[in-house]
Amino acid sequence: MTEQHEHPHTHPGAALPHSHGHEHAHEAPLTPTGDGTIAISHLHFRYPDGTEALRGIDLAIAGGEKVALLGPNGAGKSTLMLHLNGIHRPTHGTVHVAGAQVSNETIGRVRAEVGLVFQDPDDQLFSPTVWDDVAFGPTHMGLTPSAIHDRVEVALAAVGALDLAQRAPMRLSIGQRKRVALATVLAMNPSILVFDEPSAGLDPRGRRELIELLQSLTQTLIVSTHDLELARAAFPRSIVVDRGAIVADGSTSEILAKRELLLAHGLA
Amino acid sequence: MIAEPRGVGHDARAAVIATLAFVMAVALLPPGSYLALLFAWLLLAFAGAVLGISPGRLARRGLVALPFVVAAVPIVFTRSDELLWAGTVGPLSVQVSGAGLRIALTALLKAWISVQASVLLLALASAPSIVTALRRMRLPDVIATSAGLTIRYLELLRDEARRMLRARTARSASPVGVGRERIGGTIAWRARTTGSLVGSLFLRAYSRAQRIEEAAASRGATGSLSIGTMPAADPRLTLKVIGVLLLVLTLTLAGALLPRL
Amino acid sequence: MYPQLHIPDGFLSPQISLLLWVATAVLVGIAVRRTGRADVRMIASQPILMGVLGAFIFAAQMFNFPVATGTSGHLLGGVLAGYLLGPWAGTIVMATVVGIQALLFQDGGLLALGANAFNMGIIGTLGGSFVARGIGTALGGSRSASIFGAGAAAWLAVVAAAGFTTLQLGLSGTTNIAIGLPAMLGVHAVIGIGEALITVAALTFIAQTAPDILAGVAAPSKASPVRRLTTGVAIAGAVATLASLFASADPDGLEAVAEQLGFLNAGVGAPFELFPNYTIPGLDGGASTVIAGVLGIIVVIGVLFALGRLARSRAQS
Numbered sequence: 008m009t010e011q012h013e014h015p016h017t018h019p020g021a022a023l024p025h026s027h028g029h030e031h032a033h034e035a036p037l038t039p040t041g042d043g044t045i046a047i048s049h050l051h052f053r054y055p056d057g058t059e060a061l062r063g064i065d066l067a068i069a070g071g072e073k074v075a076l077l078g079p080n081g082a083g084k085s086t087l088m089l090h091l092n093g094i095h096r097p098t099h100g101t102v103h104v105a106g107a108q109v110s111n112e113t114i115g116r117v118r119a120e121v122g123l124v125f126q127d128p129d130d131q132l133f134s135p136t137v138w139d140d141v142a143f144g145p146t147h148m149g150l151t152p153s154a155i156h157d158r159v160e161v162a163l164a165a166v167g168a169l170d171l172a173q174r175a176p177m178r179l180s181i182g183q184r185k186r187v188a189l190a191t192v193l194a195m196n197p198s199i200l201v202f203d204e205p206s207a208g209l210d211p212r213g214r215r216e217l218i219e220l221l222q223s224l225t226q227t228l229i230v231s232t233h234d235l236e237l238a239r240a241a242f243p244r245s246i247v248v249d250r251g252a253i254v255a256d257g258s259t260s261e262i263l264a265k266r267e268l269l270l271a272h273g274l275a
Numbered sequence: 002m003i004a005e006p007r008g009v010g011h012d013a014r015a016a017v018i019a020t021l022a023f024v025m026a027v028a029l030l031p032p033g034s035y036l037a038l039l040f041a042w043l044l045l046a047f048a049g050a051v052l053g054i055s056p057g058r059l060a061r062r063g064l065v066a067l068p069f070v071v072a073a074v075p076i077v078f079t080r081s082d083e084l085l086w087a088g089t090v091g092p093l094s095v096q097v098s099g100a101g102l103r104i105a106l107t108a109l110l111k112a113w114i115s116v117q118a119s120v121l122l123l124a125l126a127s128a129p130s131i132v133t134a135l136r137r138m139r140l141p142d143v144i145a146t147s148a149g150l151t152i153r154y155l156e157l158l159r160d161e162a163r164r165m166l167r168a169r170t171a172r173s174a175s176p177v178g179v180g181r182e183r184i185g186g187t188i189a190w191r192a193r194t195t196g197s198l199v200g201s202l203f204l205r206a207y208s209r210a211q212r213i214e215e216a217a218a219s220r221g222a223t224g225s226l227s228i229g230t231m232p233a234a235d236p237r238l239t240l241k242v243i244g245v246l247l248l249v250l251t252l253t254l255a256g257a258l259l260p261r262l
Numbered sequence: 004m005y006p007q008l009h010i011p012d013g014f015l016s017p018q019i020s021l022l023l024w025v026a027t028a029v030l031v032g033i034a035v036r037r038t039g040r041a042d043v044r045m046i047a048s049q050p051i052l053m054g055v056l057g058a059f060i061f062a063a064q065m066f067n068f069p070v071a072t073g074t075s076g077h078l079l080g081g082v083l084a085g086y087l088l089g090p091w092a093g094t095i096v097m098a099t100v101v102g103i104q105a106l107l108f109q110d111g112g113l114l115a116l117g118a119n120a121f122n123m124g125i126i127g128t129l130g131g132s133f134v135a136r137g138i139g140t141a142l143g144g145s146r147s148a149s150i151f152g153a154g155a156a157a158w159l160a161v162v163a164a165a166g167f168t169t170l171q172l173g174l175s176g177t178t179n180i181a182i183g184l185p186a187m188l189g190v191h192a193v194i195g196i197g198e199a200l201i202t203v204a205a206l207t208f209i210a211q212t213a214p215d216i217l218a219g220v221a222a223p224s225k226a227s228p229v230r231r232l233t234t235g236v237a238i239a240g241a242v243a244t245l246a247s248l249f250a251s252a253d254p255d256g257l258e259a260v261a262e263q264l265g266f267l268n269a270g271v272g273a274p275f276e277l278f279p280n281y282t283i284p285g286l287d288g289g290a291s292t293v294i295a296g297v298l299g300i301i302v303v304i305g306v307l308f309a310l311g312r313l314a315r316s317r318a319q320s
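Chains as they are written, first to last, in my numbering: chain H, 8 to 275; chain E, 2 to 262; chain D, 4 to 320.
Chain H on its own, in the form it takes in the complex (with noise of 0.2 Å):
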């Protein structure tokens, strides 16, 4: 059923693409509709305990950005990330992406434009094969068959997991899991493409293939990260976030080269 295209150096074990797999990321057919942008306006949030997680966010990235959220634990940053596809709904203020306001009528098609990949794939995968996972978004998109069928084999093919397609996700190695889970976010063709942690639990050359792999992205990119080497390679704009706030925003080698600022905000 599906073709093998050309991988010769993705073998299992392999935690992330050479770079044979990046030139098909390049030639990927799928062109995102939207322009990648994204525009919040005084957000607020206070979850339904009460706690106030966001304290008036005001941010705006232009389409191809790549952006790292950096700070604390607890900061605030996977809450603002879960407004970009609308899983939290602000409780004051607004959010723009692609230039439609988060609501119940775009919500369809912001889901389809932000592609949020999670810290632990094992949360992102929970469907028996991987070519089932990465089916779901076109599927629910309700795509045709032929449609699902080529999104997914042009997904699977940028990430370089084409040969794991009838693999159960619990036999894949975490690097493997990595990989697909970004697939199952492809598949959607999405304008913005968010990650929370993406290093986590990956080794040096792991890291490395990220890096690598992060950049043949053409898409919004933003990622959520302690790794400040990470940000430092791949992401030439930070902000900031702490206990709900921006605390800055701007070139990533000027903020990670003010020490108080790292330290005042548990960067360093």
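Worth flagging that the hints you see were computed from the coordinates, not collected in a lab. On a predicted model such as this, the values are computed, not experimentally measured, just so you know. By construction, the Cβ of each residue, glycine as well, lies at the ideal position given by its N, Cα and C atoms. Among the clues, some could well be false.
To be verified - With beta-carbon atoms standing in for the labels, derived distance ranges:
1) H:Ser110 with D:Ala192: 57 to 67 Å
2) H:Ser48 with D:Phe108: 17 to 27 Å
3) H:Arg53 with E:Leu204: 19 to 29 Å
Given the structure of chain H, go ahead and fit chains E and D onto it with the hints provided.
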């Protein structure tokens, strides 16, 4: 433990129906149908060999049913028809009934064979494809979806449980030199620790369920949730079902015609 | 050693298997319809939560609990599941768990699945949950009362499951009820203590650590008292059917039991010495005692059940 089977993503309905029909035919054999049971086992062994499982290995897998024989042993000593032996052992009067023996032995053999049939089913079709086949056979969505997820997260949660148990064991030392009050603590204390482990595991499972919900929602799931692609229907299903019915017929005939002991 | 309750194939008569398959299917079908009713928050969530908690039950069953030297109880988790998910979703999960045990681990037969799911899912979770609620409400309805109710129900569920298992085997002619029933009930009365303690401890832990989850997950059923009464009647009816089956059982079986009166009086110790696990002292055989014991269980469950109904409807008016 769960071997990677062939036939992932295939229509498993024929396999499921065949297994159920076979087990039913075996169950219907009257007590003492040892020859028919042998015939049934030979069929299984042959099918197993075709699938690449040696009869010996299959037979050994069937032994998991063995412990339950304890339930059938009383019937050997309490029935009073066809007494093979009656007498006293010490101060007690004991009798061994041939009828009881026959019942117990037949039950044991049936269980042993049925387990092997089940093992073959798993070799023929993966658990998820069996769930999908059942879904096709009108198993309610809620059961099929949650069963699929249970199967998927089974090993993960058991691993978490194992790690927690290992951590508990690591801290379950015997005192050295100190006066021992009560090794292992009181029952109440032990219950409390075990309860905390179970409780923690539940909380972890609950959080994971929430995150899976979010992941599913992030990929567009709303309302009814269906996970896993439905494989193409087996065009030769009717043929296979007819074959299965013939098999059942053969077994039942064997049960009726072959002499019983 | 854990005397298992999962009956393999070949031990139950086709009639018993079929009867219990029907009973289980009907009750699980009712459960499916009831869980289908809207949980408005996120409808997709229920199968996900149920699925993951099914895996949790599997994992929880690995936790052993040393009761005495050489004996440890394992958690069955039926009442726990019912408490955490509600009686209907909990029943579906337990039945599914039993099904997966049969399918993936050959723990229990495929034809016998109806019986096993009945014993552990319907009796264990559905029955157990109602009993738990009944006791909890009768004791005042506070969190600790309901947890205590869950513990008591957990013990009862284990014993009842063992009783029904033996009953089914006896009615199929594969075991001798006069011996099997007291033995199984006795052993499981001890194991049930472990189940009760772990259930209570786990629920207490969860109540202390994450009370909001407990409130959200173990939300009380919003069904009307009438509906719950009819459900209660349905369950009682199923139980009564089984009881009447026993009463009109295969004459051979009862004859054999009657004949054992002489045997048992003479050699009361013999069968038990053969099975080191079944070391139950002070046993007094006799068919009438046996029948009384079985019916007693049913009556106790029924009474507690009715009490719970009564207490609940009074609390609501």
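Each hint, compared with the structure:
no. : hint                               : in the structure
1   : H:Ser110 with D:Ala192: 57 to 67 Å : 59 Å, holds
2   : H:Ser48 with D:Phe108: 17 to 27 Å  : 55 Å, violated
3   : H:Arg53 with E:Leu204: 19 to 29 Å  : 23 Å, holds
Checked against the numbered hints listed earlier, the structure breaks hint 2 alone; every other hint is satisfied.
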